[in-house]
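> Given next are the chains, with one letter for each unit.
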Amino acid sequence: MRAPASAPLRLLLVGQSHAACVQRAAPGCADALAAAGLALEVLVMNAPEYDPHFLLGPGGEARWHPRLQADLAAAVARADTVLLSVGGTAQWVLGLVEHPRPFDFELDGEAPPDPARERLPAGLVRATLEASNLMVHQRALREALAAMLPRPLWHLASPPPPRDEHLAAHPGRYAPMLAEHGPAPAALRRKLWRLHTQVVAEHCVALGIDLLGVPPTAVDADGLLVPEATEADPTHAGPWYGRQVIGQIARLHRPGFAFAEAP
Amino acid sequence: MTHPYATQPEHAFWRQAVAEPAARAAGLVDPVVAPAFGIARDARIATAGSCFAQHVQRHLRAAGVEPFVTEHAHPLVPPAVAQRFGYGEFGARYGNVYTSRQLLQLWQRAHGRFAPADDAWRAPDGGWVDPFRPRVQPGGFASVSELRADRERHLAAVRTLFAGLDVFCFTLGLTETWVSREDGAAYPVCPGVVAGTFDPARHALLNLEVDEVEADLLAFVDALRGVNPGAKLVLTVSPVPLVATAGDRHVMVATAMSKAVLRVAAERASRARERVAYFPSFEIVTGAFHRGAYFADDLRSVTDAGVAHVMRLFLQHYLGVAPGDGGAPVAPAEAFTARLEGVTRTQCDEEALAR
Chain A
1 MRAPASAPLR
11 LLLVGQSHAA
21 CVQRAAPGCA
31 DALAAAGLAL
41 EVLVMNAPEY
51 DPHFLLGPGG
61 EARWHPRLQA
71 DLAAAVARAD
81 TVLLSVGGTA
91 QWVLGLVEHP
101 RPFDFELDGE
111 APPDPARERL
121 PAGLVRATLE
131 ASNLMVHQRA
141 LREALAAMLP
151 RPLWHLASPP
161 PPRDEHLAAH
171 PGRYAPMLAE
181 HGPAPAALRR
191 KLWRLHTQVV
201 AEHCVALGID
211 LLGVPPTAVD
221 ADGLLVPEAT
231 EADPTHAGPW
241 YGRQVIGQIA
251 RLHRPGFAFA
261 EAP
Chain B
1 MTHPYATQPE
11 HAFWRQAVAE
21 PAARAAGLVD
31 PVVAPAFGIA
41 RDARIATAGS
51 CFAQHVQRHL
61 RAAGVEPFVT
71 EHAHPLVPPA
81 VAQRFGYGEF
91 GARYGNVYTS
101 RQLLQLWQRA
111 HGRFAPADDA
121 WRAPDGGWVD
131 PFRPRVQPGG
141 FASVSELRAD
151 RERHLAAVRT
161 LFAGLDVFCF
171 TLGLTETWVS
181 REDGAAYPVC
191 PGVVAGTFDP
201 ARHALLNLEV
211 DEVEADLLAF
221 VDALRGVNPG
231 AKLVLTVSPV
241 PLVATAGDRH
251 VMVATAMSKA
261 VLRVAAERAS
271 RARERVAYFP
281 SFEIVTGAFH
291 RGAYFADDLR
301 SVTDAGVAHV
311 MRLFLQHYLG
321 VAPGDGGAPV
331 APAEAFTARL
341 EGVTRTQCDE
351 EALAR
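Chains as they are written, first to last, in my numbering: chain A, 1 to 263; chain B, 1 to 355.
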């Protein structure tokens, strides 16, 4: 797969919904990447033409959408290096909307559990997250991809949650539930996101995948997504964030890489 | 000529009560002559005890008799995870209660009468373990603070359980127990096996004698009736042999002695207090009449057939209900979480659309 010295290093990002912001930012970054001898292709697996993109049978057997399988194979064949962005949403099933029985848990490095909320053992919250349908599916997908892709392989961390005001302004499909129950506190949303990131990181280590953390510029003092990184969506980041990630990806291969202009 | 045996009922004779029915079918043997009391189908029945006690809870559910449980997992937690973390296994999340001493101290701890000095053990993987519930939190608690908070919640649930139950079913499992030399705290598992560190200077083996088990049981009954005067108790002895003995005798000899002690103590306790019944699980499973069919290949585990025989007779005699199939119905996913999952999936698909 190594290209001749004159050809750009071809990077491929394969992902689900969190890869979409990178895909949207990519055209605007193409020239800067080309100047650094890089080219980036993004394949978003849960695009409508690939629906359902990956199914698990009753016995855990995996089934790819045939068109995705073909497009993925072709994209991998074109690439020199592959990065993944699988999942990043399962934690919201536990706590984007405030549960009717409010809870909290302890997580090292985060705000202490709110004494006014029911304190759950952290191990129980983690086991609940890991048992969730989305996590089970995403874990299987990550394993299937890891099995077919060469190393080195990177996995992007999903973006942290946005601030309360952003959630209020852009509730998306959560609007009815948010109207009924309100949002889970930002500190809890952040803890759940970090717990999810830890679980994914451990899975990546087990699979021999390196984790690429969240761009530091995208995180505010409270550990939440800065406004410019958001988009009109309660859980996903926007093209500004995508550009930050592209910069990170570029610096993996070109350590001094920087965009000439601010976005 | 006449003699006392001439007027004895049929169940007093081995041939009629055991050999002849067993020749037709082992399931026909019924050593429950008459229940000490009846249990209403909607009675709040709480269970505790050794491993065998878990079967009681499961079979009650399968028979449509919902056991009395006061410590539930948060509704966010799916049933399979809750079960793995010890919720719903017994009346509260105390894990296995193997001995009479452990039961009495559970009461004492819940009611502020005893606070063991041993607070938390460090697990090999770095988590924190409750010395008195060493297996309820796979992976351990994240911190001592978390452990204490959970313990406080647990003991409150235990108080609620004892105060609110109608019937308490307790399965006596062991007489051997490791205790703290400092304050006599009885550990469910020897320190060092699951977590903690064994130290012969701090930990001692106690093999409870008949008088001790009896005294523990009566103290517990009296304490329970202090907050719940109408509470009934069903005592049973686990038929499961010891997995190991810390003494110097053969494990089979140690097992026989232990079960004998428990059986006698249970008998004495049931005679010393009203509304305390002995139920013959031990006799049903260990009886020769089934020719070993009620023990699995390891000669310790009780087969489904053995459990079914025990529970059929318990349900029939005490509750007047027919047994279920032994499997608890699968609880549906919590509605709130299922709805939120659906929204999250849709939101992600829409994000993928907006390219």
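What the hints contain is simulated information worked out from the structure, not anything from laboratory work. Here a beta-carbon is modelled for each residue, glycine too, at the ideal position from N, C-alpha and C. One or more of the hints may lead you astray.
Stated by the list, open to error - Some chain A residues flagged as far from chain B (calculated, every beta-carbon gap over 10 Å):
id, residue
1, Leu55
2, Leu211
3, Arg254
What the hints assert, rightly or not - Covered stretches of chain A (in silico footprint by chain B; criterion: 3 or more residues with CB under 8 Å from a CB of chain B, positions within the stretch not fixed):
id, segment
4, 62-75
5, 87-98
> So which of the earlier hints does this model not fit?
4
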